[in-house]
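Novice: The lines below spell out each chain.
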Amino acid sequence: MIPARFTYRRVSSVDEALAAVAEHGDDAKLLAGGQSLLPLMKLRFAAPELLIDLGPLDELRYVRREGDEIAVGAMTRYHDLHHDAVLAEHAPLLAHVAGSVGDQQVRHRGTIGGSLVHADPAADLPAAVLAVDGVLVARGPDGERRIPAAEFFQGPFETPLAPEELLTEVRVPVQDGAGWGFEKFTRRAIDWAIVGVVVAGRAVSLINMGGTPLRASAVEAALAEGASAAEAAALAAEGTSPADEAHATSEYREHLARVLTERALVSAGVS
Amino acid sequence: MKVSIEINGTTVSEEVEDRTLLVHFVREQAGLTATNIGCDTTSCGACTVLLDGESVKSCTVLAAQADGHRVTTLEGLRGEGGDLHPVQRAFREEHGLQCGFCTPGMIMASVSLLDHNPKPTRQEVRDGLEGNLCRCTGYHNIVNAVMNASGQEVQR
Chain D
1 MIPARFTYRR VSSVDEALAA VAEHGDDAKL LAGGQSLLPL MKLRFAAPEL LIDLGPLDEL
61 RYVRREGDEI AVGAMTRYHD LHHDAVLAEH APLLAHVAGS VGDQQVRHRG TIGGSLVHAD
121 PAADLPAAVL AVDGVLVARG PDGERRIPAA EFFQGPFETP LAPEELLTEV RVPVQDGAGW
181 GFEKFTRRAI DWAIVGVVVA GRAVSLINMG GTPLRASAVE AALAEGASAA EAAALAAEGT
241 SPADEAHATS EYREHLARVL TERALVSAGV S
Chain W
1 MKVSIEINGT TVSEEVEDRT LLVHFVREQA GLTATNIGCD TTSCGACTVL LDGESVKSCT
61 VLAAQADGHR VTTLEGLRGE GGDLHPVQRA FREEHGLQCG FCTPGMIMAS VSLLDHNPKP
121 TRQEVRDGLE GNLCRCTGYH NIVNAVMNAS GQEVQR
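Chains D and W supply the protein sequences, listed in that same order. Start counting the first sequence at 1; every next residue gets the next number (the UniProt record's numbering). Start counting the second sequence at 1; every next residue gets the next number (the UniProt record's numbering).
Please keep in mind that the hints were generated in silico from the structure rather than gathered at the bench. Here the structure is a predicted model, which means the values were calculated and not measured. Just so you know, even glycine gets a beta-carbon here, dropped at the ideal spot from N, CA and C. Fair warning: there could be bad hints in the mix.
Derived list of chain D stretches under chain W, where covered just means 3 residues or more per stretch with a C-beta under 8 Å from a C-beta of chain W [unchecked claim]: (1) 5–12; (2) 24–38; (3) 104–115.
Please model the entire structure based on the sequences and the hints provided.
Specialist: Okay, structure coming up:
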């Protein structure tokens, strides 16, 4: 499979990338790690006229602690996140989730920024960033703006970013001491989750239980009132709208959400 | 566009379409056909090569993205004098292949795995190779081969 014709352009700075998208708008698409975009282009589900490769932007490849937050550059790869010492100490959940995305080869290329902007409801990192109340930092022609994860995922593959904006950074609060859990069920080892659950402290988010990653509000409310892991997990499917497909009916997904939520809560230290 | 990639120590420069995939560049421009196109959907790993020393699926990287970078394919693993790479030798010793179509990708992924984790457990080998599919389902000997290559005990 070969993508439709496009013009490839490599940029060497964020400013250069911004100038390129300002000039070309909707005709252009930004290429980060390419592990979701290139398969879509090969299937001709996406056919941008101009592909702007952010690959050389090492300025967006970092993890650093800044006060009570951890700043992660958008071009930081899953492999980097999985092996990062700062994350291991202050946000082990993110390091763990990044280490379970796709496979070794995909993790060597895929980036956190690419995953978040792609906004696939079946992806792991968006749900993890949602669970920890992360903030996404975007740069555009009018400067920088910060968008809470809760406002960022608007629909399947839909975010509030304008074509001329670029996600530069993700900021997450330091998770010191907070229990966490992550469970996902896939058909094959490397596959997208049929359903996944991320628990960070008493926050719970669900993968692939609707058009966006979702916070399991009913579970969180029950936990706040002192419910056990089993009691709270029984409410995991409340308010969700999981897809009904040949290989996973909506009822099956709801069942999985309850089972996996209980396991993730137990991992996080909720009894 | 003109793409120049150092492949196995030799720079290959060719004029290609912007949409050319790395796997096609390796096979058609560089003439190195150990790298196979299996599923062509980032699933099977038959096209795995090392890009700047890290395993990647070359059906999901543009040749243009590798421009100015360093690629290693299976052909580049042999040492001077033609000695097999320790991972290749281990695959032979443990019979870590059946039809062999997946083998180049398995070996490249194993090299990358051992580079990051020189003494993996059997489970870590299985996790590390999850992106490489063997449709003969010969995984057991492949895990043995990686354990052998890492100098660890092999389960019979």
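Novice: Does the region 24–38 of chain D contain three or more residues whose Cβ lies closer than 8 Å to a Cβ of chain W?
Specialist: holds (count 4)
Novice: Taking 8 Å as the Cβ threshold, is the statement that the region 5–12 of chain D is covered by chain W upheld or broken by the three-residue rule?
Specialist: holds (count 5)
Novice: Three residues or more, CB to CB closer than 8 Å: is that satisfied between the region 104–115 of chain D and chain W?
Specialist: holds (count 5)
Violated hints are absent here; each numbered hint is respected by the structure.
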